[in-house]
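Enquirer: Spelled out from the first residue to the last, the chains are:
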Amino acid sequence: GEDVEQSLFLSVREGDSSVINCTYTDSSSTYLYWYKQEPGAGLQLLTYIFSNMDMKQDQRLTVLLNKKDKHLSLRIADTQTGDSAIYFCAEKTGRRALTFGSGTRLQVQP
Amino acid sequence: EPEVTQTPSHQVTQMGQEVILRCVPISNHLYFYWYRQILGQKVEFLVSFYNNEISEKSEIFDDQFSVERPDGSNFTLKIRSTKLEDSAMYFCASSERLAGRSTDTQYFGPGTRLTVL
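Going down the list, the protein sequences come from chains F and X.
The working numbering applies: residue 1 is where the first sequence begins, and numbers increase by one.
The working numbering applies: residue 1 is where the second sequence begins, and numbers increase by one.
Derived from the structure by calculation, the hints contain no laboratory data.
Quick caveat, the model's predicted, so the values are computed rather than measured.
Some hints here could point you the wrong way.
Unchecked claim - Partial list, derived from the structure: chain X residues whose beta carbon lies under 8 angstroms from chain F:
1) Pro8
2) Ser48
3) Asn51
4) Phe61
5) Pro110
All C-beta atoms in this analysis are idealised placements derived from N, C-alpha and C, irrespective of residue type, glycine included.
Next comes chain F alone, as it looks inside the complex:
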């Protein structure tokens, strides 16, 4: 079955770049997503990438996909304190259900 793994914690200084990594097992994934969850809040869609792409950039966010290694990363440029949150990677295969990783807690230090 599908499995998505992420490291649990990342700490960066304000103004630095953050890179959050994710690995997945299902090679038939069609779309991969990044969601952000702030304390007490829901899941906010940040960006997504189609599996036949290897990079997508959206303002401060850059998504890199290595399909051979089944590795996805989210880079946040010029990280701000407001970026502190939990970041979830999720994949969708042929079914509609999303499979989520365990989330990476990003802490941004001033």
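Given chain F, work out where chain X should sit, using these hints.
Expert: Positioned in the frame of chain F, the structure of chain X alone reads:
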């Protein structure tokens, strides 16, 4: 910007009681979903719903759970007889079905925190 809304934000109930969690999906969306997140654990898929019927469900979604679209705007999750282990954050999501290739992007509500005592 349209958004998914959920009520209540927090529900406390006694074990064995029935609860209904409510969601209003984005108005032009056709697919609806429920997920749950037990504290400290992954977000898990429960069920998806399309055209007034369940299109997919996980092994978590047993006979204690049911979903319904009682009118043109609401989407509900009912838990018939709650157990302690049902305590979790329940997220509703919706997605739009587009012609041709679609990201089928799911937009999530803020969640309902269910506490079973």
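Enquirer: Look at each hint and say if it fits the structure.
Expert: Each hint tested on the structure:
| no. | hint | result |
| --- | --- | --- |
| 1 | Pro8 | violated (14 angstroms) |
| 2 | Ser48 | holds (5 angstroms) |
| 3 | Asn51 | violated (13 angstroms) |
| 4 | Phe61 | violated (11 angstroms) |
| 5 | Pro110 | holds (4 angstroms) |
Hints 1, 3, 4 from the earlier list are contradicted by this structure; the remaining hints agree with it.
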